[in-house]
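Got chain A; can you put chain B with the ligands on it based on the hints?
If you're matching them up, the sequences are chains A and B in order.
Following my numbering, the numbering of the first sequence begins with 1 at its first residue and continues without gaps.
Following my numbering, the numbering of the second sequence begins with 1001 at its first residue and continues without gaps.
Bear in mind the hints are in silico, worked out from the structure with no lab data behind them.
All residues carry an ideal CB built from backbone N, CA and C; glycine is no exception.
Be careful, since some hints might not be right.
[Said to hold, decoys possible] Restraint-style ranges between C-beta atoms, simulated for each label pair:
#	chain 1	residue 1	chain 2	residue 2	range
1	A	Gly-66	B	Leu-1120	43 to 49 Å
2	A	Lys-9	B	Leu-1089	24 to 30 Å
3	B	Leu-1120	A	Thr-65	40 to 46 Å
4	B	Pro-1088	A	Lys-9	55 to 61 Å
5	A	Asp-199	B	Asp-1281	32 to 38 Å
6	B	Phe-1014	A	Arg-131	25 to 31 Å
7	B	Trp-1127	A	Asp-8	47 to 53 Å
8	A	Glu-266	B	Pro-1145	23 to 29 Å
[To be verified] Okay, the calculated bits of chain B under chain A, using three or more residues with CB under 8 Å as the criterion:
#	segment
9	1188–1199
10	1268–1274
[To be verified] Covered stretches of chain A, as calculated for chain B (at least 3 residues, CB under 8 Å):
#	segment
11	5–18
12	134–148
13	153–159
14	270–280
Each chain is listed here by its residues.
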Amino acid sequence: MSALLEIDKLSLEFRTRSGIVRALENVSLQLPEGGSLGLVGESGSGKSVLSFAVLGIQDAAATITGGTIRFAGTDLLADGGSAMKTMRGRELAMIFQNPRVALNPIRQVGRQIEDVLLRHTALRGAAARARAIECLADVRIPDPERRYSAYPFELSGGMCQRVMIAIALACKPRLLIADEPTTGLDVTTQAAIMRLIRDLGREKGMATLLITHDLGLARDFCDKLAVMHAGHIVEVGPTETLFRTPAHPYTAQLVRATPVGQERLENLASIPGNLPDLRRGDLPPCRFSERCELRSPACATPLPNLVVSPGHLVGCHHPQARSSP
Amino acid sequence: MSQLLEAIDLVKRFPVRSKGRKKLLHAVDGLNFHIDAGETVGLVGESGCGKSTLVRLLTRTLDSTSGHVRFRGQGIGLIAARAMADHPLRREIQMVFQDPTDSLNPRYTARQTIAEAVHLLTDTRGWAAIDSAVEVAAAQVGLPPELLDRYPHQLSGGQKARVGIARAIVVKPRLLVLDEPTAALDVSVQAVILQLLDRLKREMAMSFLFVSHDLNVVRLLCDRVMVMYLGQIVESGPAREVFARPLHPYTRALIASLPGGHGNDADLLVGGDPQSPIDPDAHRCRLFGRCPRGAERCQTQAPPLREISRGRSAACHFVAPTEREVFIDAALTVHKLHLPPARRAALTTEFDRVADMARQVQSVRLPDDTAPAPQFRP
Ligand SMILES: Nc1ncnc2c1ncn2[C@@H]1O[C@H](COP(=O)(O)OP(=O)(O)OP(=O)(O)O)[C@@H](O)[C@H]1O
Ligand SMILES: Nc1ncnc2c1ncn2[C@@H]1O[C@H](COP(=O)(O)OP(=O)(O)OP(=O)(O)O)[C@@H](O)[C@H]1O
Ligand code: SF4
Ligand SMILES: [Mg+2]
Ligand SMILES: [Mg+2]
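So here's chain B without its partners, still in its complex pose:
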């Protein structure tokens, strides 16, 4: 699969005043990740951890403090948020906002809202054609046609949410970013929307970044999940694996606190306030203070995000090193080499490549494996 979107060291800091002094709130703090074509990535994390801020950086409605965003190999991080409206890429990245009321124009009917997107962002021309595109999209999201001529204030919360989703999918973007799209929907409509997203993914190879508090939904819909805590990614990996065997204490706590879950109470976060996102201590793990595993070391050394096994990463001192890590450590020690954590990632990839080769070599049958044992004639 090819990379569709890539974020490199992405940072957003908001200037805030605290006790009269100017400080910086680290909303998104050095994120690195990618989304492949046709992939659905879930983003979960506590309220206020920076999910919507990240989404706004990726969709270029907010300017980053530093770092890069690449979309299909092209740097888009520097397109100013204001210029994005007229940018050709706007069609390829669509967004469904967290609060539908906020994002719908109160003077447009549902039909006008969706039609405007078709008109501005697709090649469909002619009223009849645009109108039929609108009706198809409305039907796909389960919005009854008689509601199309209503204004937002005449619609219920869930009906507005569906207008927002219809407006985004009608453009057929390559990447659809959804911020809590199912929060306002009842289970029945939610099922319709999730099945629709799944179909769009399979039929059109659309990619999604799916922000949600609903871990169950993320587990069902997403290929991969990223868990955020106070501006940083603390764990990522294939969704099913992460939910079945969470590595990071925060992920474990999330899963343990699911209602009706079979989590372990020892995994729950301990009381205590979360650390402040304002000028956080760079040498301390962000979870320290609430982490059931927290120890001395967590206060003096912030754990980097390490690749633990293929495709799975976590940022915690206590996630046991895998054999691969032990092997790499040994190699580095023997040769008296030192590598910063970011560089070690390259080694793990190399390690996996060698392992793959070894597997191939193993499966190749050598001539003497198969040759009948030499027969000696007496």
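Chain A on its own, in the form it takes in the complex:
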């Protein structure tokens, strides 16, 4: 299988008044046509920054200092990202983490879906309107005909989120980047939306990059997982393998911190320590080392990229469990 999305050794920095934030370093990922990859990691680890980079919509203060992003064989970073602009919205779509900000506050939501359809499909007039209403119904918005003419402020938080999803799915893109698509939705709606995304994936061969802090959701939905910590991908592998036999100590802690019917508040585990300050000049090669129980002097040397088993990679000097044979 050739990869639809191929990120190779991507590094990205932000200039800020108080120094340079090294937000991504040597990030590599592959996502095949129709595949689903979960990107997990604690808040601030660089998940959104990475997905913005794929879409070429990062902050003016951001600079890509190395690496490549290829989509269906095209280099997205070439010519100042011109290839990206033509594909964005049609072949590549994104569901943003902050739905209200991503929607135009002074345009009816139905029209915003129609705008996308007019731009990227042959649908016009009444047909476009009918399709827009269908898109609203697909994401389980009750009373879609009336909601067509609602403004974002008239909708609840969860409905705005679903409108956002409807816009992203309207053109049946080849790659969907979904940044926390269902946070703040109740379980039933959440399940319906994930089913919709999965069905589109199966029917149209749409690939999905799912960014989430809900490991349970990632486990249900994704074939593969990539674990991010402080701008590094520390482990990639088949979902079940990562859950059963996490090789990186950070993945292991993340899995352990997931509450499953915990009985008491005190039993909720948090991961000790914070992400390191990404402006520091002396960031160690392993950005997890200052929080790691397994640290040894070897951890101050450049990180290996170990293959634990085919398709299961880890960047750590002391990988934990080996995959069982």
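Structure of chain B with the ligands alone, referenced to chain A:
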């Protein structure tokens, strides 16, 4: 415990246009409830059922259509949303918004955002003192100090959410209203925040209204839970009891649909669209059409919220009456009296009081219980 906040017949209707005609969307439809000092109340319900609208009514950022809100006995429902900014009560009720990006000023750094709240709403004066208050709050919510000088667009989703929480707790309000505060947080940070809230509750007797879709979190954190469906409360009671033994079909469906839950599939909502919140039929149960138990009666008679047992209420025809209800019914029938449902609530309280007295009386040892049996000398 004393009542901190009370809502009485609270209503919010939004004028909307539907098929060219003006209609009313009943977002919050006659709510009655209270929050005690030091109590954590969870509010759960489907997306769009009116949770954020209720929150905005209570924090006075939206004017109600009718009804009352009392805070520490004082009516605050009539303070216009616009005047609330300068009102002395603003300090006592703080709010964490559903979308942190929406509520943070893009021109303020995290430090400035939190410091502004300290400056405007507390008695702390002097830059050094304000700054140390800011840093304490940031540390409490797990926000690393080096992020304090960043603007919102330079922060990740979860980092912004923590700025919003820090800004609210730094003021030390009596009531903290949180609308989906943990949605943007990963499990590790979430654990930090939940443990912090729990500590604030115990150490400062802070009260919370906690809106969340995450039933697990509500179960862990909240003393009491209220379940909302299409603008109305359909069930309320102690959180542990409600989750262990849900009474209302909607609550049962929520619990049955939890991933990895041990719910019963027969409890799941049946297909069919939810009813429209626009000009709903006042004589029909709002859940009808999706309710696995729905029957003839549910179409013609809207079930009132009844107190089923002490502290537990539900609004469904099929929640079996308790002995207490049967007793009250019998008393009313014998005396040929009729009472509207709202008035019956007073009787249940009275019934419980009598039961309490009976229990006390029972435990009092009467002199002849203990006195040795009279001895007869032959
Ligand atoms: N414009 C910017 N300038 C400086 N730093 C930034 C900027 N944008 C993001 N960052 C930093 O980059 C890091 C990664 O941010 P990102 O938004 O990708 O996190 P995330 O993994 O999506 O987290 P979350 O789960 O909280 O959304 C964070 O530490 C953030 O503070
Ligand atoms: N300004 C407004 N004008 C018209 N309708 C509105 C307005 N604000 C809210 N509504 C409607 O009121 C209902 C309740 O919305 P609310 O935001 O309270 O829902 P919610 O329970 O918070 O949902 P979520 O979990 O998705 O945030 C929705 O049907 C919404 O469309
Ligand atoms: S490289 Fe060393 S410090 Fe880093 S995670 Fe592995 S064992 Fe821990
Ligand atoms: Mg993010
Ligand atoms: Mg809401």
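Q: Could you work out which earlier hints the structure fails to respect and list their numbers in ascending sequence?
A: 2
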